[in-house]
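Each residue of the sequence shown is one higher than the one before, counting from 1 in the numbering used here.
Mixed in with the good hints, there may be bad ones.
Calculated cross-link-like contacts (lysine-lysine; reagent style DSS-like; alpha-carbon spacing at most 27 Å) [unchecked claim]: (1) K183 x K59; (2) K183 x K56; (3) K318 x K251; (4) K227 x K272; (5) K318 x K17; (6) K244 x K56; (7) K251 x K309; (8) K332 x K272; (9) K101 x K205; (10) K108 x K318; (11) K318 x K101; (12) K286 x K154; (13) K101 x K272; (14) K251 x K332.
These are computed hints drawn from the structure, not numbers from a lab.
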Amino acid sequence: MRDQESLIPKGATWIPKSVVKLFPDENKILLDDGLLLEYEILIVAAGIQINWEGIKGLKESIGTNGVCSNYSYTYVDSTWREIEKFKGGNALFTHPNTPIKCGGAPQKIMYLAEEYFCNSGVRNRSEVMFYSANTDIFQVPRYANTLEQVLERKQIITNYNKNLVEIIAEKREAIFEDTQTLKRETIPYSMIHVVPPMGPPNFIKESEISDYQGWVDINPYTLQHVKHKNIFGLGDCTNLPTSKTGAAIRKQIPVLKQNIMDVLNGRDLQAKYDGYTSCPIVTGYKSLILAEFNYEHEPQETFPFNQAKERYSMFLLKRYMLPYMYWNLMLKGIM
């Protein structure tokens, strides 16, 4: 983690305030201190909002009674504590019924935890269970096939179309709702790693630039707003039909840059984004699947070998190279 101010590029003015309202017809934004700013071009890259209140009982129980989540900055360390002290029983891992940042994250922690349970000698008295509101393990068949093999090898019990709606922490019970029948069932747990529901930031959801679900409504190829031509969207806060990842933004940036220059110079937009995204899915302490694909779920792999295969080399890439690329190349716009 680094101080945000140190990452602001030279020539840019950093205003450490939150946006509370947009006025797209007037080319203005309102900040939380009452300051009204005008713009010629607006780039909306506000990320995604974590809605802890979306699951009854979650906000008040996180970090206690076996409840943990890697998505909580405050309580992220409780995930390791729960895994370390787990002595058997049901270990539940969830995936919500909303878009989330890093779609592979709910699985990564599960695979790592399962391997730790094996190494610590408690796996034979444990049930590792994946409860997902999705219909399958992954949206791209090429990588889903491998992940199904991982699940079978690790003997992880999968439950699809199941959305976590409530946690009764004092009883260590989780209540899931079937996304199709709406029938509910209560599952006891020894530990549960929860991925909370997520959605667009409120100031976007309540504005004129959002679609019916609250996301910034942009053209999926040009990244330009469908109505306000001097507004562009980027990353997790948009309705781009692709996984919300840093890798996706890396490919969106060159398109954004070119198309903004075209708008400023009165030209037709030339650059197109094809939906590229990447999910490095850790399947163990020394293995990883590097999923790369586009809007059509066609693989767009970087290396000249099968990235759907679990590889130690790809784990090393994730562990050592990607952090370096993020801090030293991506944030500086070099790649």
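- Message: Hints numbered earlier in the text: which of these fail when held up against the supplied structure?
- Response: 5
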